[in-house]
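Q: These protein sequences, in sequence, are chains R, S, V and Y. Note that the UniProt record's numbering numbers the first sequence so that position 178 is 178, with each residue one more than the last. Note that the UniProt record's numbering numbers the second sequence so that position 1 is 1, with each residue one more than the last. Note that the UniProt record's numbering numbers the third sequence so that position 105 is 105, with each residue one more than the last. Note that the UniProt record's numbering numbers the fourth sequence so that position 195 is 195, with each residue one more than the last.
Any given hint could be a false lead.
Note that the list lumps identical chains together, so a pair holds whenever it fits in one copy or between two copies.
Said to hold, decoys possible - Calculated cross-link-like contacts (lysine-lysine; reagent style DSSO-like; alpha-carbon spacing at most 27 Å): (1) Lys318 with Lys260; (2) Lys261 with Lys6; (3) Lys154 with Lys24; (4) Lys23 with Lys315; (5) Lys15 with Lys276; (6) Lys177 with Lys112; (7) Lys51 with Lys261; (8) Lys276 with Lys261; (9) Lys335 with Lys89.
Bear in mind the hints are in silico, worked out from the structure with no lab data behind them.
4 protein chains.
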Amino acid sequence: MIIVLKPHTPEENIKRVENLIIKKGLEAHIVRGQEMTIIGCIGDTTAIDPKLFEVDEWVDKVMHVQEPYKLANRAFHPEDSIIDVSGVKVGGDNLALIAGPCSVESLNQVMKIAKAAKTSGANLLRGGAFKPRTSPYSFQGLGLDGLDILYEAKQETGLPIVSELMSTEYLDVFNEKVDLIQIGARNMQNFDLLRQLGQIDRPILLKRGLNATYEEWIMSAEYILSSGNKNVILCERGIRTFETYTRNTLDLQSIPVLKKKTHLPVIVDPSHAGGKWWLVDPMAKAAIAAGADGLMIEVHNDPENALCDGVQSLKPGKYNELLQQIKQIAAVVGKTV
Amino acid sequence: MIIVLKPHTPEENIKRVENLIIKKGLEAHIVRGQEMTIIGCIGDTTAIDPKLFEVDEWVDKVMHVQEPYKLANRAFHPEDSIIDVSGVKVGGDNLALIAGPCSVESLNQVMKIAKAAKTSGANLLRGGAFKPRTSPYSFQGLGLDGLDILYEAKQETGLPIVSELMSTEYLDVFNEKVDLIQIGARNMQNFDLLRQLGQIDRPILLKRGLNATYEEWIMSAEYILSSGNKNVILCERGIRTFETYTRNTLDLQSIPVLKKKTHLPVIVDPSHAGGKWWLVDPMAKAAIAAGADGLMIEVHNDPENALCDGVQSLKPGKYNELLQQIKQIAAVVGKTV
Amino acid sequence: MIIVLKPHTPEENIKRVENLIIKKGLEAHIVRGQEMTIIGCIGDTTAIDPKLFEVDEWVDKVMHVQEPYKLANRAFHPEDSIIDVSGVKVGGDNLALIAGPCSVESLNQVMKIAKAAKTSGANLLRGGAFKPRTSPYSFQGLGLDGLDILYEAKQETGLPIVSELMSTEYLDVFNEKVDLIQIGARNMQNFDLLRQLGQIDRPILLKRGLNATYEEWIMSAEYILSSGNKNVILCERGIRTFETYTRNTLDLQSIPVLKKKTHLPVIVDPSHAGGKWWLVDPMAKAAIAAGADGLMIEVHNDPENALCDGVQSLKPGKYNELLQQIKQIAAVVGKTV
Amino acid sequence: MIIVLKPHTPEENIKRVENLIIKKGLEAHIVRGQEMTIIGCIGDTTAIDPKLFEVDEWVDKVMHVQEPYKLANRAFHPEDSIIDVSGVKVGGDNLALIAGPCSVESLNQVMKIAKAAKTSGANLLRGGAFKPRTSPYSFQGLGLDGLDILYEAKQETGLPIVSELMSTEYLDVFNEKVDLIQIGARNMQNFDLLRQLGQIDRPILLKRGLNATYEEWIMSAEYILSSGNKNVILCERGIRTFETYTRNTLDLQSIPVLKKKTHLPVIVDPSHAGGKWWLVDPMAKAAIAAGADGLMIEVHNDPENALCDGVQSLKPGKYNELLQQIKQIAAVVGKTV
């Protein structure tokens, strides 16, 4: 941490800040320039709020130097984490290819999609049972019945399942039945939920919040990791910007950045980011070319009658074509399917 | 709802969309132009997802015309809602003047601040017992002990209390002890929590999410209203933009917009928006001049030693000066203190 | 400037960076911690690009400490600049009350509006002769004829005039006829134009770019100041955010921030920010309450037939009512009209 | 264009709006619902400002349906435009591979980089002679001397050159010497400059503004096209968002969107978007996988001593490695190098 004092700070005020630094268990190194004085603080600053120092009237600014996360930090864990999702490896050279409908509608629907997706090369099955909806009047998902349908599809196809958990109320049943528990963008900073996810062992798929910085996103992973669950996969799904033609702006720079800063796998959801089915194909390819560890794609056999988000779903035939090209691009960048 | 078809849509495809509209219980009015065909859909579209229609390959775009909220809508409830917070009226001509520390630290601290704030004219006491923090390593608040301290301060000063609820786990105790339950920006779309807040009668202070549009914010209020609790107060606290010198960008246009669209009171939190104590005074005045129904301001007797957010807190003396000017501006715009 | 080196940077690489710092004419103060090494650079860093140092593979980050502007900096010019616009003082306790139509349409139109605005208390007359339009097919303004109309209105009413210059081509004629030359948001970083504005003496009204940070905005003023023209007034007109119900988000925090960082007057344009006439009244009041040095408001006698932006214009009667309340609020915050 | 009237608009007011529509040369189709009345306007609305109608007190909103651009619109020009840059084809299956230093520093520097880049497969040479800089105190480029150096490098290597024009003052010399005239992000809405670019025949590389929507960007191209120059190439270079770890957020969704909406080639500049050299490789690959028509990449033989932006430049060796993988990915998505 670096503290910059205002020009002409009186000596006694420099001393005062220095004492506060020492009181917090840090070493203070004072650099006196003609126009300003800078204090370098050496020690573990992870748990220290820089704003504590900003309150002092002679402090101009406080800059964090050390990253505020430890367990997620690649600096302390240089190798890629490889997460085992009920036998499917995610991270390293292994691609997670997650496919399935936005909402679970019926066993018949899920089975049709799951079989087609598996044939194309998907290795994980997604489906929404509990749906976070902006409007209280919209379809909210089949709930526990939806979870049972997914579970049955898993028994039949062998594909481990991915589904979104919205509240601690259903944590136990998700822990029992769901192989990869998805936390949606709107819950990325539901800290109470994150802490409870740290109490279980199930892999967690942590989506980026619509306005989350890279650091905030990593800190949310740190909540889970520091509560005891080491199995976290990050999922880029677009951020909110001024551009409204697309639902959100897919930020593929997040892939190399997150992989540099952390050791956790990073996958991409191109369906929710753009909100249009014809954006899925180019963005899925781009994600893999940029080094993503997987893709989560909405596939629907009958998007025109889907109960939710049909407009961003691929039909199984299109998904199959896409995966064939994905495999070729993956080979160029050193990933295997 | 208006559906715009692509140029040269074949007649049978127009018919197909028309049938889908009728199936959804709406009337379809077709306007045929040379270059495009437009279908006006008449009826209650609140529960209809416009994306259902966008899936059709001949549909160019679907535009919602009707507002998707009913209970919060001023069109159906033209008078200002006035919310009674344990005797303090909020809305109409009445200003809510909420003051107190960011975090509850001790009974002594809270009492000192509460007494000073009350003398200056504050009519509600705030204090954080449970703190949402980006880092799992930061101070998380005193929890239930903090709530007890607030409750004791309320008994002594007579000021009703405002505190943030982060999880359904503590809903009962908040319902019992807290006069105005605050929902923070990061939980604005924690739909499960919102629905449960609808089951109680306590007034709710719903902060705007960092990236929430006006409509999304109102829809979150609609979740609470439609679950049965009519006592919702909205709180603008800044949005996230590209500008990083200030913590967030305070959007005061939200006051006239929200008051035009809804009948709910709208208050402003200038402390969290700017993140700097010297921005509180001008922004508080601006909020009242723009028609806000109240202010939530962090006041701390010893900001340099505050456990949280001291840098954005006013000392009691400054708060007192501010309130005297606030009263004068309030008088110009027709509010009483 | 502060340079943070990566953990375990070899001694020779620290030396290498130190030498580069010295070569640039700065002093280097090295702070060695266990985990990282920090180098404080003392001296004038205004003209040094911090990225020069970031290229080094052992440099983790470079942080600017000194503000990169000098002439606009309040630190070196503590008193408010008061700009004289052909006899009307702007800054200090003096409010600039600029009113007029978005576009100049005819002498009759401008005269009607100018007279009404003057009666209400306006002291400067605005009107667009050259209009920056997103579409090449939209009305682009009357051009030089528009300027002549404004000039004639000035002779009759005595109100100095404000009009937007879009290109260096017309700099001479603006310098001759226009009392306050407006530079629009889209040209805020047209550096060539800024430099040429520094060659004249006319006061410049520099609008904030839609995505300009405070620092970038001040740096654009610095271009004009450093080229020789000391008469710069800043104008907040809203920034682009994710919220699309309003045209832009008016950032009133910019007023106290800019007035703290610089000595230049800061005025506000509430008409363009919101894009809706009913937002002008509350936002104008809020701007004055927050300490703005003036307002630029679109006033039109017949907004329903205006050639441009009628929807955000006030009718003279509404403008008159607003100014009466503005005067009362101005008195509370120590400004005179 | 669709006009939505407020609930219970009186018949005479509906008539009034209808008359205004007819006066503007459009047909009005009225759809009367129980709660609202919608008017579909049929005809050429390109030159009509929808705000004209919003002024009416009974108009709730006005929605543009037709795209406001014609010459850039793929609907009226279905085949890809292929732009000939002094013999190098851009668009269709042809990739533009533009490489070179951020700033021209010396003939020796430019020649070294140009030869290496050409060997790797680059087909166009970039170099900045005039540099847009936020600070008036930063290096502003070598100016006309820089242009001469580039021109000489072109004679020797045969690579056509790309350089940024910042002002109409140098239009003639750029038209004479530069093969592809770049317009930077900050000038994307310098409408006067755009119009003058329409008077020449040289291909124009139009970068996206930092806060430009897709539509605004296309409208800026339309300015050039409608002024007579059909040779426009679009360049995505990142937009400004809340994320500050990267310089800007690269929006690769823009590639499929722009290629769907327009017939113009779309290339990507990954160097400026991220502002870090290690982001260039993954983002360049991603751009090609997403269907980009080319890449503009900063290459520098000695980035540690570059006068500008060394931190985002690739060394020739890294550039060479990247191009080999780019060729493989290009083959997968049907492009040839």
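Q: Checking Lys23 and Lys315: alpha-carbon separation at most 27 Å within a copy, between copies, both or neither?
A: Only across copies: Lys23 and Lys315 sit 24 Å apart there, 62 Å inside one copy, limit 27 Å.
Q: At most 27 Å between C-alpha atoms: does Lys154 with Lys24 qualify within a copy, between copies, both, or neither?
A: neither (53 Å within a copy, 33 Å between copies)
Q: Cα distance capped at 27 Å. Does Lys177 pair with Lys112 within a copy, between copies, both, or neither?
A: within (20 Å within a copy, 52 Å between copies)
Q: Check Lys318 against Lys260 for me: Cα-Cα at most 27 Å, and say if that holds within a copy, between copies, both or neither.
A: The answer is between: 18 Å across copies meets 27 Å, while 33 Å in one copy does not.
Q: Quick one: Lys276 to Lys261, C-alpha cut-off 27 Å, is that within a copy, between copies, both, or neither?
A: Between copies only: 14 Å across chains, 31 Å inside a chain, cut-off 27 Å.
Q: Give the relationship of Lys261 and Lys6 under a CA distance limit of 27 Å: within one copy only, between copies only, both, or neither.
A: Intra 32 Å, inter 13 Å, cutoff 27 Å: inter-copy only.
Q: Reference check for the pair Lys51 and Lys261, CA-CA at most 27 Å: within, between, both, or neither?
A: Classified as both: same-chain Cα gap 24 Å, cross-chain 20 Å, threshold 27 Å.
Q: Given a CA cutoff of 27 Å, do Lys335 and Lys89 count as a within-copy pair, a between-copy pair, both, or neither?
A: This pair counts as within: shortest intra-copy Cα distance 12 Å, inter-copy 33 Å.
Q: My question is about Lys15 and Lys276: at a cut-off of 27 Å on alpha-carbon distance, are they close within one copy, between copies, both, or neither?
A: The answer is between: 24 Å across copies meets 27 Å, while 59 Å in one copy does not.
The structure is inconsistent with hint 3 alone, although it conforms to all the rest.
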